[in-house]
Every structure is written in C-alpha cells, then in structure tokens.
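Visitor: For chain A, the structure is supplied; the task is to place chain B on it using the hints.
Chains as they are written, first to last, in this note's numbering: chain A, 1 to 446; chain B, 1001 to 1102.
Honestly, the hints are just simulated from the structure, not real lab data.
The beta carbon of each residue, even a glycine, is placed where N, CA and C say it ideally should be.
Treat each hint with caution, since some may be false.
Pairs of lysine to aspartate or glutamate, EDC-like flavour, derived with a Cα cap of 20 Å [as the list claims (entries may be wrong)]:
id: 1; chain 1: B; residue 1: 1091; chain 2: B; residue 2: 1031
id: 2; chain 1: B; residue 1: 1063; chain 2: B; residue 2: 1031
id: 3; chain 1: B; residue 1: 1044; chain 2: A; residue 2: 409
id: 4; chain 1: A; residue 1: 299; chain 2: A; residue 2: 414
id: 5; chain 1: B; residue 1: 1074; chain 2: B; residue 2: 1041
id: 6; chain 1: B; residue 1: 1044; chain 2: B; residue 2: 1062
id: 7; chain 1: B; residue 1: 1074; chain 2: B; residue 2: 1050
id: 8; chain 1: B; residue 1: 1063; chain 2: A; residue 2: 21
id: 9; chain 1: B; residue 1: 1044; chain 2: A; residue 2: 21
id: 10; chain 1: B; residue 1: 1063; chain 2: A; residue 2: 9
id: 11; chain 1: A; residue 1: 404; chain 2: A; residue 2: 416
id: 12; chain 1: A; residue 1: 304; chain 2: A; residue 2: 191
Here are some chain B residues pointing at chain A (derived, C-beta under 7 Å) [said to hold, decoys possible]:
id: 13; residue: 1011
id: 14; residue: 1028
id: 15; residue: 1058
id: 16; residue: 1060
id: 17; residue: 1076
id: 18; residue: 1086
Stretch by stretch, here's where chain B covers chain A in the computed footprint (C-beta under 8 Å, at least three residues) [as the list claims (entries may be wrong)]:
id: 19; region: 325 to 334
id: 20; region: 379 to 388
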Amino acid sequence: MERVIQFLERHLLPIVGVIAEQRHLQALRDGIISTVPLLLIGSTFLICAFPPIPYLAGLVEPYISALLAVVNATFGIMGLVASFAIAYALANSYAIDALSSGLLSVSAFLLASPFTKEGHIDSALMGSKGLFVAMIIGLLVVEVQRFMIKKNIIIKMPEGVPLSVGRSFAVLLPGIVILVSIFMINILLAEMGGGSIPEVINRVVTAPLLHLGGTLPAVLIAVFAIQLLWCFGIHGQALVGTGVMAPIWLAFTQQNAVAKMAGEVIPNIICQQFIDVFILIGGSGTTLALAVLLFTTVKSNQLKALGRTSLLPGIFNINEPIIFGMPIVMNPIMIIPFIVAPLLCIITTYLFMTLGFVHKPYALAPWTTPAFISGFLVTGDWKGTALQVLNFMISGIIYYPFLKIWDEDKVKEELEQIRTEQMNIPLSQGVEPLLKAKLSHSNRDT
Amino acid sequence: MNILLVCSSGMSTGLLVDKMLMEGEKRNIQDLKIFACSVDEIEKYISNYDVVLVAPQIRYKEKYIYTLAMSRNKGYAIIEGVHYGLVDGNKILDQAFGLMRK
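For reference, chain B alone in the conformation it holds in the complex:
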C-alpha cells in the first residue's frame, strides 16, 4: 500500500514516515510505501498513492485536498491531532488501513 502524508512543508509529516514504516515492519506488511510532501506538491505525487493523510494543521485546505483525492478515487482522512502530536505510527497506520478497506 502507498500512503501519502501531507503537511505545510512536508517536514513534520516527515517525522511520521519513519515511525509508520517501523510499525509496518513490525506488522510484517509487504510493499508499504510512505512519503511526506507539502500541500503545494500534492498534485505532483497523488497519482502514485492509494491513501492521502492530511496533517491537522492544514485542515483549512481540506476542501482542496478532499476534492483532489475524491476525483482521483483515493482514500482520504485528516490525522487525529493527538495521534499526530505523539507521532503515533501505530494508530495512524490503522487509520490508513481503515481507509483502504472502504
């Protein structure tokens, strides 16, 4: 599964990438690809990913990202603030997989 994380400059979501990959390894998930980009770059990357997870601090851009994700038929969600703050790879990975199943 390919997950795209989006925040203002791709820095704080960058913290999350490693945590989620570590969690994926623990769960023995094959082909897990996770990438963090800035909201300005999202159009460039979105087509290569299955699920888009958005950092809570840019949820004011929700309409734009949501429309984009829907038009490309991608899973979409805003990451829970507390999970985001504690860089909780486990919970956020759950969230991504939850979107996948739909």
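Okay, chain A solo, but in the shape it has when bound:
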C-alpha cells in the first residue's frame, strides 16, 4: 500500500499539476467560470418567473416576460460572455493587453455567428450553442495576437505616444488578420453549401462532446476521478469538476434554463446542478451524512473533535476537515465508502429523474447552498428535496460500518497511548484500569 501511494504521489501529482496549470485549459476554465455569477442571477429570476407554488405563479403571471428578459440577458448570452472572458484570461496569462484581446474576441465571435435574415444578432447562438464556438475563437484570437507580437508584425507607436493609444494601434493588425480570416471562412462555408462556423463547430466538436459527457457512464467516470484524486488529498472537484467537465455540465444547465423559459420539456438530467445539488451533498464524497454520524455516534476523542468541527462547514458543502482530519486521504478503510457513496447517489438520482419521479433541475444555485434547500430550489419540486434526503440516507448507510471500524481503531489507539503514558498499569490487571484511565482522559479533554 505504502509503495503504491508513493508511486502515485511521485508520478500522478506532476501530471495533475501539468493539467491544472496548462495555460489554455486554465483560460477555458477561468473564462467559463466567470459566467457563473450571471447564471446564478438569471436563476433567481427564472425561479421568480415560475414559482413552484400555484398561488404565487398566478401572481407573477403578468410579469413573466419582464422577468424572463433578465434570464435572456444572463443565461441567454453565456456564449458571448465566455468569448470575452476566455480571451481575456488567456491574454492575461501571456501578459498581452487583455482588454483588447477580449474585445477582439467578441467581435470575432459575432462575425462568426451569422445574423438573422432581418439583420439581427441571432440570440440562439449567444447561449450554450455559442459556448464551444466562443471557446475555440477565444483561444485562437489570442494565439494569433501572440504570434504576431512575437514576430513583431504590429504597428508600434514612437515613444511619447500615450500608452492607451499605443495599445489600440498594437491590436490593429492582429485584429484585421483575425476578422478577415473569419470573413473568408464565412464565404467559403457559404459557397460550399450554406453552413456557418457555429454549425460546423457544433457538429464536429460540441455534439460529440455533449453526447459523451451527458451519459451516465461519463458522469460515473468523472466523479470516480474526482473522488480518487481527493483520496490522495488533491482537490478533484477543482481539477476534474470545474477544470474539465464544467463547460459540458454548464452547457446542459443553460439548455435546461432555456427550455424552462420557453415552456418546453427540460431536456437534460445531467448538468451542473445534478452534481452540485444531488451528488456532492456535504462536499465531495457525499459526506454530510458522515459529518452527522461523526457528530452523533463516535467514541474516540479525535473523531468526536472532528464531528464538532466538520458539521457546520458540511452544511455548506465544505468538507476539507473530514477529508484531512479523519483523514480520508490515504486511508484504506475510509476510501471505500468515500468512492462508493457518491457513485451510488449518481445512479439513484439518474434513475429517479429518468423515471420522472423527480423533476429535472433548471435553476442553478451556488454550490454552497445547504442540502435539502437546494434540491427544492433547483427543481422547483419538493421531491427534489426528498431525493436529497434519500441520497443522504444511502450515503449514511454506506459510511456507517466503515466509520465504526475506523472509530474502534482510533479508540484502541487512544487507549494504547494512555497505557504507554501511564506505564504503571500492567496489562495483567485487565482492561478495567485502562477504561478508567480512558474515562478520566476524556473528562480531561472536555
């Protein structure tokens, strides 16, 4: 075991580090995450527009379109915002003028997205349908800019010209190259059969990615990877959850919100909320139930102390105290339920939503929203909360036997410690004095 751990420490950690710090992946992640506050605000208005209580729904009826305008201006422009934010993040990492890169990327994104016949911006392409377009264009814009700066193909202003003027000139040539290229691709695609850049990207990149990422096995694999990384004390959710899966999960979130807005059937079970709300109850590993068990049932002093420190953060889905304090990291006993519990919750949640027992989520809630509230909020369905309770109980049942074993180990360890501290108690006197010592020890502690 020790060897396996050492091997993984030495070989896994650097790989993980490289992935986490890879510039383009990081820019994609930062750019997409920057849309989340907008989605959260949009969700608030979405919930207000369709309150789950019939009486309230009647009251807001006349204001629905006004409320949905906010949803349009948040969920509806997720792709547009990402096109700015991704280029901004990547340019920042290269120390290129980030504002001009972001603006150029927005312009390129709009040029690539064909307008409607009436000459309007096509709002359908500004949301999740534009998300992967924005990702590709955002990265390319900055790369072209960087290449041209490196080769010195830019207009340089003489010294003494104000910095902002110089900057606006520096972006001119790269800007022309980028926009003219997109212009030509547009014409080429139109000649070839009337396609557009978003259509091509969505067919070649988005559709397969979403198709794969939206399946049950994909989610099981992603969450398994998240849990496994945590077992080595690495923030799996930040790496795999937000780092790799977020564009896919958030695209599904957006599709659900748009469907809700249009009064259509909500299409996706798997989305950001599926993970945040129904699987990571109490944090990665569905540990809220474990926190409650730690608070109520354990006998060893160390775990009792852990119960006191971990319950409150656990309510807000923060569980580093448990992961490092128990610890779950490198703990061959606790790793088992830590991996199994969330995977089981995925299956129950998927099953219940497929069968239509619980509504699919359409609103996004911050990941720190306490369980049992969040289930209702994101689905507008009290059964959302019931499903969270079910997952909470399932994880509790999975954790309990392993916790008992670990707790007994800890009690033994603590007794052993007392015995070595008080060497005057010989073993031959049996366990009675040890228990007494243990009692006085725990009294001292509290």
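Guide: Just chain B now, kept in the frame of chain A:
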C-alpha cells in the same frame, strides 16, 4: 505578522482564519493579520503578506505558488493535512511563525 492562506476557492481556509486569530489573541500577539484567498487571486494579495500557507488539497499547484513566493521573498509552506483537517489554529500558527524566523 501577515499570513496569507491559500486554497481552491478561499472557503475551507476561511474556516482556519478565525481559529488562528483566536489563537493569536490567546498568545497576545499584536498585529496579526490573516487572510484566506483562492489560488487564482494569490498574485493580487501576496505582496501584502509575509508568509504564504497553502492548503494540502492544492499542492498540485505547488510549483507555481512556490516560485511566486520565492520571487517575492515570502515564507512558504504547505499546511500539514492532519492539522488542516482538525482546523488546528495552534499548530498552524506555530508553522507560520517557524517560517518567519528563517
């Protein structure tokens, strides 16, 4: 002394801030400033602090943070997992002061 705590989003290190401040008060330490930030914000804050303590779950970012801390001549360490888990303000404060003396 100014201590900067860094984790993925500044939430779990946030738990630690109060514990460490309480401990500092107990020890009668004057001018103790402790702040928790996310790893993405570290460049924004690092110059105002003497010591950077990193949460164990983001130690895959060690190279980046270490280089940054060294280039600004700041004390640097990864917090021990067990101390971190038990939110042990006492031990972690010791760790910070240990870095200070160097």
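Visitor: Evaluate each hint against the coordinates.
Guide: Do the hints match the structure? See the list:
no. : hint            : result
1   : B:1091 x B:1031 : 19 Å, holds
2   : B:1063 x B:1031 : 30 Å, violated
3   : B:1044 x A:409  : 45 Å, violated
4   : A:299 x A:414   : 11 Å, holds
5   : B:1074 x B:1041 : 16 Å, holds
6   : B:1044 x B:1062 : 17 Å, holds
7   : B:1074 x B:1050 : 5 Å, holds
8   : B:1063 x A:21   : 10 Å, holds
9   : B:1044 x A:21   : 18 Å, holds
10  : B:1063 x A:9    : 15 Å, holds
11  : A:404 x A:416   : 18 Å, holds
12  : A:304 x A:191   : 71 Å, violated
13  : 1011            : 5 Å, holds
14  : 1028            : 24 Å, violated
15  : 1058            : 5 Å, holds
16  : 1060            : 4 Å, holds
17  : 1076            : 16 Å, violated
18  : 1086            : 5 Å, holds
19  : 325 to 334      : holds (count 4)
20  : 379 to 388      : violated (count 0)
The structure is inconsistent with the numbered hints 2, 3, 12, 14, 17, 20, although it conforms to all the rest.
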